[in-house]
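Asks: These are the residues of each chain, in order.
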Amino acid sequence: MSLLDQEPADSGDEKVVPPLDPARTLPASLDVSAEKLEAVWAEKPGLFGWLSVVNHRDIGRRYIVTAFVFFFMAGLLALVMRIQLARPDNHFLGPDAYNQIFTMHGTVMMFLFAVPVMEAFGVYVVPLMVGARNIAFPRLNAFSYWMFLFGGIFVFVMFALNSGPDVGWFAYPPLSGPAYTPGKRADVWAQLITFTELAGLAVSVEIIVTVFKLRAPGMSLNRIPLFVWAQTITAFMVLLAMPAVMLASTALILDRLVGTHFFNPAEGGDPLLWQHLFWFFGHPEVYIIFIPATGIVSTIVSTFSRRPAFGYLALVLALVSTAFIGFGLWVHHMFATGLPQMGESFFTAASIMIAIPSGLQFFCWIATMWGGRVVLKLPMLWVLGFFIVFLVGGLTGVMLAAVPLDLQVHDTFFVVAHFHYVLIGGALFPLFGAVYYWFPKITGRMLGERLGQWNFWLFTLGFNLTFFPMHILGLEGMPRRVYTYQAETGWGDLNYLSTIGAGVLGVSVLVFLVNVIVSLRAGVLAGDNPWGAGTLEWATTSPPPNCNFVYPPTVAGVNPLWENPPDQPVVVGLRDDVRDVLVTYVLDAEPDHRTEFPEPTIWPFCTALATSALFIGSIFTPWAVVIGAVPLFVGLTGWFWPKEAGETGTQAWPIQHRTLPKPGEAPAGGPV
Amino acid sequence: MHAASVLQSVLAPAGPQAAHIARLWWLMFWVATAVFVIVSAFVVGAIVWKRTEPRRDDVLRVAVTLGVAATVVTLFVLLVASVWTGRAVASLGASSTVTIELTGHQWWWEAVYDDGTPSQRFRTANELHIPVGRPVVLKVTSHDVIHSFWVPNLHGKRDLIPGYTTAIWLQADTPGIYRGQCAEFCGLQHARMALYVTAESNDAFERWRMNQRREAVQPTTDNARLGRDVFLRSTCTQCHTIRGTIAGGAMGPDLTHLATRGTIAAGTLPNTRGHLAGWILDSQSAKPGNQMPPNSLPAGDLQLLLTYLETLK
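Protein chains in written order, with the numbering used here: chain B, 25 to 696; chain P, 731 to 1043.
These aren't lab readings, by the way, just hints derived from the structure by calculation.
Take these hints with a grain of salt, some might be off.
Stated by the list, open to error - These stretches of chain B come out as covered by chain P in the derived footprint (C-beta under 8 Å, 3 or more residues): (1) 235 to 242; (2) 304 to 316; (3) 323 to 335; (4) 380 to 390; (5) 441 to 451; (6) 614 to 622.
What the hints assert, rightly or not - Just some of the chain P residues that point at chain B, by a computed CB distance under 8 Å: (7) Ala762; (8) Val767; (9) Ala771; (10) Phe772; (11) Ala776; (12) Asp788; (13) Leu790; (14) Lys1043.
Backbone N, C-alpha and C fix where the C-beta goes; we use that ideal spot for every residue, glycine too.
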C-alpha cells in the first residue's frame, strides 16, 4: 500500500517525481525486446499512415478532440440562443434561424458530443485499464471514428448551407414529415442519427469484446475496475436502445423519401408510434450518457479518497439495475399525450424507483470519502461539483416522475433546467474531471492548476446562473423551444440573468481551452502515475508506448497498483515480431490463447467514405442505396481480404505468468 | 387584456386541478430541499471534517443502509402523493358541464362550443370563456401537427395530436383572464401561439355564449356596409368565416365576433384598429411564416374594412 500513502501530485506548478514503475525497473529484456515491440505496434508514417491508424489511443484521442470540437460549436449555438432570449421580442434571430439553432444545439450535444465523448474515453482508457494492447476489432474502431467524423461534418455543412435540421432533436412527426417540413432539413437530421448510431454501435461491440476477452489474467469479474463496468453496461444499453431510434429514423426517411405512411395519421399511420420508438431509445440515452460518468466518479472518488471505492458490489449492481429500469420509463416523456391513468402510474413508479440505485451510488461515494482521506485535486473538485449539481437535477427528476406535476412543467423551461442539471451536472462535470484526471496519461503533461481553478469556479458560477432561473421561468409558464416571448409575460429579467450566466460559462470554457493548449506545450511532466492511482492505466508510461504494456500485467485486486504483491507476475510468451495479444476467459480471465491483431490499414477509412456517400446520397434519391452499394462492396472487400496463409491465425501459445525479477536479481522462471 | 402582469403561473392556481398540483409541488419542493441540505452536508462534511482516523467500513455500511432505507421510504411517500393527486385531478363532478372542442392549427386555436342542439353550437378562436365553478370538458385534437394545450393557472398540459381526440377536464374557481401558450414545438411560430381563457360568472358566461351563437351583426352605417363589401369582394372569404354572410372559409379563424376578442393572431397583438390594419396588410412582419398572405388594399378600402371589422361585436 506504499502508493496509497503517497500524496497525489499537484496538477500545477511543481516538479513531479514519478513513482517507481515496476514495468520499467525491469532489466532491459526478459523475453521480449521493447524496441521490436515498439516497431511492430507502430503506425505507418505520413498522411496515408494517419488515415490508416488502428490503435485505440490515437483513435480515442481523435474521438475525444473531435467530440470537444462539436461541444464548442454547439455551445456557441447555445450562446446565440441566449442572446436572442435575453430580452422579450428580440430581433437578433428570426424564427427560422432559431429553430435550426436549437435543433442543432440539442442534436449535436446529444449525438455528436455527450454519447461519443463518453465512448471516446472508453476507447482510450478501457483497454489500458484491463491491461490489453489494443481494443478488440481495431479496424472497426477506426471505421467507427470516421463515420462519426463524417456524420458531424455532414450536419454542420448542411447547417452552413441553411439546410440544418429545424424540427427539434426529437423530430416529432407529423411536423418532421413530408407535409410540414418540405426540403431536406428533416432528412439531414434523420441521416445524422444513422451515422452516429452506426459509430456508437461499433464502439459498443468493441468495448464489450475487449472487456470480456482481453482482460489481464487475474482480473476476474469481481476485479474489473468500476469505470470499465460502467462502460460495459453502457455498451449493452447502446446495443439495445439504439436500434429503436435507427428503426424510427429509417421509417421517417422512408415516409419522406418514398411515401410510406408509418407516421401519417391520414393514411393509417400513427404519430405516437414515433414517440414510443424515439423515447424507448431516448430515455436510456440519458443513462448511456450518465452511467459512464458514474464510472468516472467512482474512479476519481476512490483515487482522491486514497482508498478503494466503498461498496464495489453495490456500485456495480446499482449500475446494472439502473440499466434495466432505464428501459422501463420512456413513457414519462409522453404523460401529456393522454394515456390511461393506471398505465401512467406504472411509469411513475418506475421513474421514481430509478432514484434508488442512484441514491445508493451517492451514499457509497460519500461513504468512500468518509472512509478515506480526501485530497482536493482538480479532478476531485469537478466530482464535488457533480455531487451538488447533479443532486439538484436528480431531485427535480423525481418531481418530473409524478404525472400531475409533470403535466404542468413538461416542455417548459423547468425541464430545460432539469436536464441541464442532470446532463451537465451528471455528465459534463465528471467529464471535465476525467479530462483533468487522464490528461497526464494521454499527453504526458499535467493540466495547469491555476487556470484549472478558474475553469472550475467560473463554470460552476456560470452554470447555476444560467440554469437555476429556468426552473422559475418554467413554473411561470414559459414553454421550451420558443424563439421569443412577449414583454407582458414578465419573463424578461430572469432570461437576462440566464444570458449573463451563459456568458460566464463561455468564458470558463475558453479558459479550459487555453489551459489545454498551454499545458500541452508547457505543462509539468506527469510521470507514470501522478495521482498515485490504483488501476492499470497508471502502470505504464505517460503517454503509453505503442504496445501499451511491454509486459502485459496480471492483477490480484480491483486496484492492482495498490493491492498487487511486489512479486506479482507478468505475462510472457507473446511474440514481439507480430501484433500478438492474449485472449482470456470471460469469468475469471484465465489465459485462453494468443491471437494476432490487424495491422494499420486504409480500408476502414475508404469504407467509411463509401458508407457516407451512400447515406448522404440516399436523402436525395433512393437510387443512391443501389449505386452506393458498389463502392461500399469494394471497401468491405479490401477490408476483409484474407492475408497469406501461414502468416496469420489464432494459436494456442505457451502463455506463462512470470514473476518480474527485482532489480539485480536473476529472472525467476516457470508458470505460476 | 394586456395587463401589466399576465396570469400565467403554476404557483397561482385558480382551479381545483391546478391547486392539487400546486400542493404536490410544494410537498416535493420541501422534501427536495431537505434532501439537498442533508446530502450536501454529508458531502461537505467528508471534506472539511478533519479526522485522525477514517471511519471503519462496518460503520459506513450501517450509514449507507440507513441512507438507502430513508430514500426508499421518502420515494414511496412521494409516489403515494403523486398517485393520490393524479386521482384527485382526474375526478370531477360531471354535472352541468361545458364542452369545448379545441383543435390546434399552425399557429392558432379553433374552438367549437358543443351543444346538444346542433344549431346552438358555435365556433370561435384563440379566446375561450368559461363559467366559474362549473367543470369544463375540452375535447382536443389537431388539424396538422402536434400542439399542446396548457393554461398553467388551471391545469397541466394535454397534447393535441392529429388522428386522436382526447378529453381533459378543468375548472376555474377564481374569475380572471388566464394566459396559455402552445407547449409542444409545432414549427416556425410555436412561440406565437397563445390563447386566453376568461373565467367569469355564470351569468356573464351565458351572456357571452348567447352572443357568440348569433350570426354577425348587420352593419348599420354606410361605411360599415362598404367595409363589408370590401371583405366579401376580397380573398378574405377564401379562408375566413363571418356567419350571416357568404364568407365561409375554414382555413383561418372565424371572424363572426372578432371585435369581442382582446387579441389577434393567437395572442400576438392587441386587437386595436392600428394593429389590425398592420396585420391585414402585412401579417408576415409580426408573425413570419403564418398562413395569411399579405394584402394590398387601397387606403380607403382598408379604412372601410377596419370600420366593418370593428362592428363585429
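Asks: Provide an ascending list of the numbers of those earlier hints which the structure does not satisfy.
Replies: Failing hints, ascending: 1, 2, 5, 6, 8, 9, 12 and 14.
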